[in-house]
Amino acid sequence: MNRVFLHKITILACLLLLITSSIGSDKGFQTPEQYAQIIQEHFANEEWEAGKALLDEGLQKYPKVSDLQWLMGKYWFHEKDYDQSRYHLVKAVEDNYNNVNAKHLLVDVEDITENYSSAICYVNELLEVNPYWRGLWRRKIELYRKQNNDVEADRLLRRINQIYPNDTILRKDYVYSLEMGYRQMKKGANRKEAIERLTELIKISPDNEEFYLDIINLHLQEGNREAALGWSSNGLAAIPGSSALIIKRAGILGELARFPEALVFVQEQMRRNNSPAIRRMYNNLLLEAARSEKQRDPYVLYGMAYEGGNKDKEALDYLLNTSVTRGYTDDALFYIREAKKQYGNTDKGILYKEYMLYRQMNEDDLAYSALKKLYDMYPDDYDITLAMSSLHMKKAERLMELGLYSEALPHVLFVSQRHIDNEVNGAAWEKALSCYINMKRYNEALATLDTITLHFPDYENGTLKRAFILDKMDKTEEALQLYLSAIEQSDEDMRIFYVIGYEELAIPYIKKCMEAGATQKAYDEAVKLVSLNPSSDLGLRYAINSSGLLGKYDEFEKYTAQGINFYPEEPFYQAKRATVLDRDKKYEASLEFLKPILNKYPSNKEIIGAFSQSSEYRALQLTKAKEPEQALAVLDTALLFDSQNKSLKYTKGVVYEANRQADSAYYYQKFYEPSIMEYRSFQRHLSGLRSMTLKNEIALTYLRARYGEEDIITSVATAEYTRKNRKNTYTGRINYAGRSGSASDSMEAEEQTPGGVGIQVQGEWAHHFSPKWSTTINAAFATKYFPDITADVALRHYLKNDWEIAGHVGYRRVAAYNKHYEWNNEFFIGSNGENGYIFTGWDESKTNLLTVGGEVAKTIEEVRLNAKLDLHFFNSKFYYNAQVGAKYFPASDGKTNINAMASIGSAPETAVLDYALPGSFSHTNTMVGLGGQYMVSPNITIGLMGTWNTYYNQTNTVRGKDPIHRIETVSTRYKNLYNIYAQIYISF
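Residues -24 to -1, 1 to 964 (mature numbering (1 follows the signal peptide of the UniProt record, and there is no 0)) make up the sequence shown, in order.
Treat the hints as calculated values from the structure; they're not laboratory data.
Note that the structure is predicted; figures quoted are calculated from it, not measured.
Any given hint might turn out to be false.
[Stated by the list, open to error] The calculated lysine to any residue pairs, modelled on SDA-like cross-linking and capped at a C-alpha distance of 20 Å, are: (1) Lys562 x Glu533; (2) Lys504 x Asn541; (3) Lys28 x Phe53; (4) Lys700 x Thr669; (5) Lys287 x Val276.
Using the sequences and the hints given, assemble the complete structure.
This is the structure:
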């Protein structure tokens, strides 16, 4: 039993040893990255001391690794030992200036320890890397506020709000800043500035009821009840039915004792808002009006006296002033007419009251006419000029809101030229600038901007506006140069704004250059932009695209790598990396590069697009290499991710077409969506594919030949039937030839062959072993004229890049004819005849013709070139024939073509023998030909071809005046033979 116990103890000890050794081996980290990863996991799980122990160990091994120093700073930050944290974070930045994590934590350390200037410096360094990080801008503004530098914080907030006008968070911050500012000014009894702040706030938040109530109260405190009434009217226009604003306006009218107007106003508002509070207000107004009526109104008394005939100055002045003040417009108009009768039409006070009355009546045109008359009479009066300027500015604002800038311009120019007040003048000049810009009068705009910057040196938007105008004048390069100069001379904060402005102009300019085809210029500008802002996404994209178009592949790769560095997860740059590989024709490597990315982002359109593009290239490459099965496998993989990609389906159809699978090719290629320019060509191509899918074909050919020197016509007719399958094609063919002539005495000596009919029956089999190899075998038998026996075997090999080579051997049993002459026994010497021999028939002989030859062909887009050489063994001698041809396919149906050919040799081309046409050996034979075919429809194709043969002709004759002295001669000469081939192919 003890032995068993000891045995178990031994086993347990071994297991414990193994476990501890395995644990020890797991902790044997080899790299700083391994330390950093495990330490971050400890910190994330709130295991701070365990992470600290491992961090101490890592720093002993790697004291200069920035990420480990950052983690140590993070540990001490958690422990709230900010000095220790700052020490390690600074070392992290010293080791790696671009350690963003360390800089972010340094901002927090300096913020907590109230070292706000240092915190701002670190924020600036972070903004250099990413100037568009709005959170950093807000943090910087917050630090300025903690530094009690509200002026700089407000300036920065206003500026950033102008750059990002649609950012709701920044807008809230800006509104909050304005609101706090106006409340402090209000608390400090600085009502005028509070009114200015509130005016700006209302422009930003026109539906805030509290703002309207505050600005109304501030105007009332200033004693400006008319302005208060105006703001109550504006508030109700923006917030119809507001109870507080209705009550406020009615109360002011009541205080002015304008009870009739107040009652009418409240009645109108009660139609929209019949709340209890408004009804109570209405009832109170009724009581106040009633009480007022009970009292003797001087206005009524003066009116009665005036009507009674007492029209002295005191009564008229009181009635006029009171009617204008109370808004009794009809009365006021009457008393103004009365005053003009008494004091004349040039009285300044009367005319000014008339102007004020028209303003109250909202009769802007009449008010303007009255004020214009006053201004013409008193152009140096400050109040009149100020009122005139205000009216012009209002008119200008309304016209500009309607987009009528040319009509608004004279109004703002009037104000700008009066030099009344710096603020008014500045606003007028800025509106004039806006008018000139919108009217596209950019030279005047530049002159106006010069005036503004001259009179207002602190004008902040001068550079931005000037650059904007120059850009609109198509002087974008000058505008960009202006920004570059400003960037060089600006401080750290303004530099970032100018870089942003530079980018906003540069991006559209680069795009314009690209669209205009000025790719080199676009590239140069994109490089400048990227040098100013290395993280500019659009700048990098344009640099990549333009360098690609210019063939600057090193720069293309450089900026692609830079983009991946700043945006490692951005699909655009991953796709461009694949493009680099595609340009080097490393399509397979491109696919291998994209596969893991595609597995990670299976729905990303850019990665899918790049993968699809590389798949297309690879498939076409494999197709040219005659590997269609592999090409189809590549495309099928791409379609798993991009199943609706019509280009992939079309390419799959192209592969099927190259593999002679016309039905599948037609199915997939019809997914292609051609442009208007491509439509007809594409439809014709589909028709060609549809024709290729038809398995049966009947061909009818007619050959008509005529000698150049004689009116002798020779013809051959052919009928054939073809059955097509994917790998095998079977053809049966019948050739028919008829010849004029006979063996009678009337035969002409020049006739070389006898008349009659010849028929040839031929069978042919074509077989494709694979996409790279095919063979054709045919055999034929004939009765006359054609070779008695014909047999050919050809083998063709399809190489890469559309090259083909072929070899063939052939045998023909051919017939030759000689004229047979006999002595005419009726011929007697001394007669007038010169020849006693007559032509009685033909001597026929049979001989063998062996042929061996080779061919090479190359297809270059729509043109197929071929060269062929045949060697013939005939009557124990060798002869040759060399032929070249070119076939151009102008349409995209695969059948319509224009064909040209030429041959030369000591033997005629084989077709001459096959079609029972005359020819000869041992002397030079030449041929040129031109023709073509046209696909009328998928079922019918027609063809026409003409050839011109020049051949050597021999004719044997026998002459003599007695049977003993027989003289045999052979006459030789070159003859021209013109052939016309007419063809029709019917597919079904």
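So, going through the hints one by one against the coordinates:
For the proposed pair Lys562 and Glu533, the alpha carbon gap of about 15 Å is at most 20 Å, so the pair holds. Between Lys504 and Asn541 the CA atoms are separated by roughly 19 Å; this keeps the pair inside 20 Å, and the hint holds. Between Lys28 and Phe53 the CA atoms are separated by roughly 12 Å; this keeps the pair inside 20 Å, and the hint holds. The suggested pairing of Lys700 with Thr669 holds, with an alpha-carbon distance near 9 Å, which does not exceed 20 Å.
Restraint check for Lys287 and Val276: the C-alpha separation of about 14 Å stays at or below 20 Å, so the hint holds.
Going through the hint list in order, the structure satisfies each hint without exception.
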